[in-house]
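**Q** What follows is each chain in one-letter form.
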Amino acid sequence: MSLAPETFDELREIAARYPQARSGLLPMLHLVQSVEGRVTPEGIQACADVLGLTPAEVSGVATFYTMYKRHPVGTHHVGVCTNTLCAVMGGDEIFACLREKLEVGNDETTADGSITLEHIECNAACDYAPVVMVNWEFFDNQTPESASQLVDDLREGREVVASRGARITSWREAERVLAGFEDGLVDEGPAAGSASRVGLELARERGWAAPGDAHGSSDLPEELPEAVEVADTRRAESETIAEEASDD
Amino acid sequence: MTDTLTPVLTANWGDERAWTLPAYAATGGYDALDVALGMAPEDVQTMVKDSGLRGRGGAGFPTGVKWGFLPPPDPENPKPRYLVVNADESEPGTCKDIPLMMASPHTLVEGVIISSYAIRAERAFIYVRGEVLHVVRRLRAAVREAYEAGHLGTNIHGSGYDLELVVHAGAGAYICGEETALLDSLEGRRGQPRLRPPFPAVAGLYASPTVINNAESIASVPAIVKNGADWFAGMGTEKSAGVGIFSLSGHVKRPGQYEAPLGITLRTLIDLAGGIREGHELKFWTPGGSSTPLFTQEHLDVTLDFEGVAAAGSMLGTRALQIFDDSVCVVRAVLRWTEFYKHESCGKCTPCREGTWWLVQVLERLEKGQGSPEDLDLLLDQCDNILGRSFCALGDGATSPITSSIQYFRDEYLAHLEQGGCPFDAKKSTAWAEAVQ
Ligand SMILES: Cc1cc2nc3c(=O)[nH]c(=O)nc-3n(C[C@H](O)[C@H](O)[C@H](O)COP(=O)(O)O)c2cc1C
Ligand code: SF4
Ligand code: FES
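Keeping their order, the protein sequence lines are chains A and B.
Okay, so the first sequence: first residue is 1 according to full-length UniProt numbering, each after it adds one.
Okay, so the second sequence: first residue is 1 according to full-length UniProt numbering, each after it adds one.
Simulated from the structure, these hints should not be mistaken for lab results.
Check each hint, because a few of them may be wrong.
[As the list claims (entries may be wrong)] Simulated crosslink set (EDC-like; lysine to aspartate or glutamate; CA at most 16 Å straight-line):
#  : chain 1 : residue 1 : chain 2 : residue 2
1  : B       : K428      : B       : D326
2  : B       : K368      : B       : D425
3  : B       : K427      : A       : D92
4  : B       : K342      : B       : E354
5  : B       : K253      : B       : E434
6  : B       : K253      : B       : E281
7  : B       : K253      : B       : D271
8  : B       : K428      : A       : E93
9  : B       : K342      : B       : D396
10 : B       : K427      : A       : E156
11 : B       : K427      : B       : E354
12 : A       : K101      : A       : E156
13 : B       : K427      : A       : E145
14 : B       : K368      : B       : E418
15 : B       : K428      : A       : E156
Taking the hints into account, I'd like the entire structure generated from these sequences.
**A** The following block contains the structure:
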């Protein structure tokens, strides 16, 4: 089955964001996944048609990236970080626990089609290790028990909210966001988790700050207008230095 | 004397709805843009150069100097210039750009606008790894808000300057963080590194002059413009100026992001983080991600700036401080990283493609206690054949954990052979393991 005309329109819309249409290929493949549940031959053909490429060229790109799937993905994608730091902190145990519980191997989908389990690489959240991702949303500081509860909740269709992110929709809806279409969930979740703020809070507690920052206590002007003045003089000084440098 | 911690980029991360334009504007956000637009682009460049800002993506190349490599516009053959932000953050241990873009995407967007103005680019891209959905949401919303407020688009703030900015999500490939692979990926191809020269400054995106900078590098620009080059240069050490985000993970009591002047030590940072996990001692750590040679207890007082770490035999990299205590088997850790490099090798060059495969074979054998002591020499020999012979720095990086771990922990490898297996209990390393007394 060929893709719907609306999908073709959206594929063209993605390509049009770039000075050269081919740059749209990665987000276009994300859109294909959101519509088709995986990268299908029809999806590849559609990208090829829109971009004037051969299906082989598109396919060659799709197979290079781990987020593109050839097999149907479940309603939810559950990724367990097993790169070294998370693995050591318990990611290996979490992954083993979920594999057993869901009775699937790596990159496989449960019989009921609800969950695809995959071990993933470092997801830039090591300070929250061990980390589990659901549809690429962060679930921080997991244990085998919490991860087990998490997949139960997902399978039962209960509301699940990311540690630092939005309430969980589905893998396909996530793929649509990655293709560049907003889903209105941007304002859910916090600005930062506690580990992200730990240095900031310690600095506030101890009155530490960068020079000129009104939050600090030491060697700083008391009032804001003065701070601005200081900043202005500094700017002037640096401009003078810049001028001197370019005079040489 | 600068304070021990100096929140600049992280300063607003605790603010209510920090990711929105009103919250960012309330902290003076986009004021720096006006300052910059009131200057000549060259002067903004000079300011960044004078600040001493060095690339925060790992290599530490001076940012202003890099911008200066763009060839002067050629009236005969005018080519557009591009700014590409590297927000692929995938180096194991590195976890600073992602929280930055989640909490305060406007800091990066403002940095992009000022930096693009400084290099006279009319288009910019933020290449963010795909596996961070909420960060992609926040970036896109920030860009939309910036357009609506007239910070992006045509005639920005009435200056006559135009800029288009696109947020582009990747699709899962560590190698796309390598700047030339990133460009190929952004052109809709497989992400494989390009031969240099030509350098991206001359022929980058669409063969046009291109600057590629790390997200933290670009996010540092507004504060520099606002507070002056001297302000930034006055922090940090002589050759490694300014502040940077240090990311502590693993076996410390309070892992997380600590923004400090470059030159802080791990001893101080661990102290701030409440110490090593109860009942344990520091065993090994990475100063700048898994591609930087491991350090041990003896390196606690190394100054964490580019020079200090290099002099001690490693690299500052991305300040990704992964802390492992004495419960952790170094062979297990190194094997897992090596499996990562094997998986992520793009396959373009033989030393890395074949070499990382062989490294995993030998390490697996050793970890199971099945190899022989000669396997250690074999490993070092294989590393020798990869290091400096690979097409890009991924191959080089793959050898770092291996050679450094053999240097510091040869006996531990041998203990695996003597015992016929791993002498460690992995359960004792987990976040939920009982403290040992
Ligand atoms: C395998 C590999 C992965 C890399 N990943 C990243 C990355 O995720 N983010 C980044 O900023 N730089 C990464 N780099 C470094 C970039 O190639 C480049 O040096 C950097 O983006 C330049 O920005 P800077 O000068 O602002 O640091 C990587 C390099 C290699 C070899
Ligand atoms: S070193 Fe590895 S990642 Fe880099 S080009 Fe060669 S095969 Fe690709
Ligand atoms: S190692 Fe798991 S998030 Fe970095």
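**Q** Indicate, hint by hint, whether the structure satisfies it.
**A** Going through the hints against the structure:
Simply put, K428 of chain B and D326 of chain B have alpha-carbon atoms about 10 Å apart, close enough for the 16 Å limit, and the pair holds. A C-alpha spacing of about 14 Å is found between K368 of chain B and D425 of chain B, which places the hinted pair at or below 16 Å, so the restraint holds. Of the pairs offered as hints, the one joining K427 of chain B and D92 of chain A holds, with about 10 Å between alpha carbons and a cut-off of 16 Å not exceeded. Between K342 of chain B and E354 of chain B, the direct Cα distance comes to roughly 9 Å. Compliance with the 16 Å bound is thereby established for this hinted pair.
The straight-line distance between the Cα atoms of K253 of chain B and E434 of chain B is roughly 14 Å, inside the 16 Å bound, and the hint therefore holds. Using a Cα cut-off of 16 Å, the hinted pair K253 of chain B and E281 of chain B holds, with the two alpha carbons roughly 12 Å apart. At most 16 Å may separate the alpha-carbon atoms for a hinted pair to count; K253 of chain B and D271 of chain B meet this at roughly 10 Å. Restraint check for K428 of chain B and E93 of chain A: the C-alpha separation of about 12 Å stays at or below 16 Å, so the hint holds.
Distance check on the hinted pair: K342 of chain B and D396 of chain B sit about 12 Å apart at the alpha-carbon level, within 16 Å; holds. Distance check on the hinted pair: K427 of chain B and E156 of chain A sit about 30 Å apart at the alpha-carbon level, beyond 16 Å; violated. Straight-line distance between C-alpha atoms of K427 of chain B and E354 of chain B comes to about 33 Å, which puts the hinted pair past the 16 Å bound. Of the supplied pair hints, the one linking K101 of chain A and E156 of chain A holds, its CA atoms being roughly 15 Å apart against a limit of 16 Å.
For the suggested pair K427 of chain B and E145 of chain A, the alpha carbons sit about 15 Å apart, so the restraint of at most 16 Å is met. Taken as a hint, the K368 of chain B and E418 of chain B pair is honoured in the structure, with Cα atoms around 11 Å apart against an allowance of 16 Å. For a cut-off of 16 Å, the pair hint linking K428 of chain B to E156 of chain A is broken: about 33 Å separates their Cα positions.
In this structure, the earlier hints numbered 10, 11 and 15 are contradicted, and the remaining ones agree with it.
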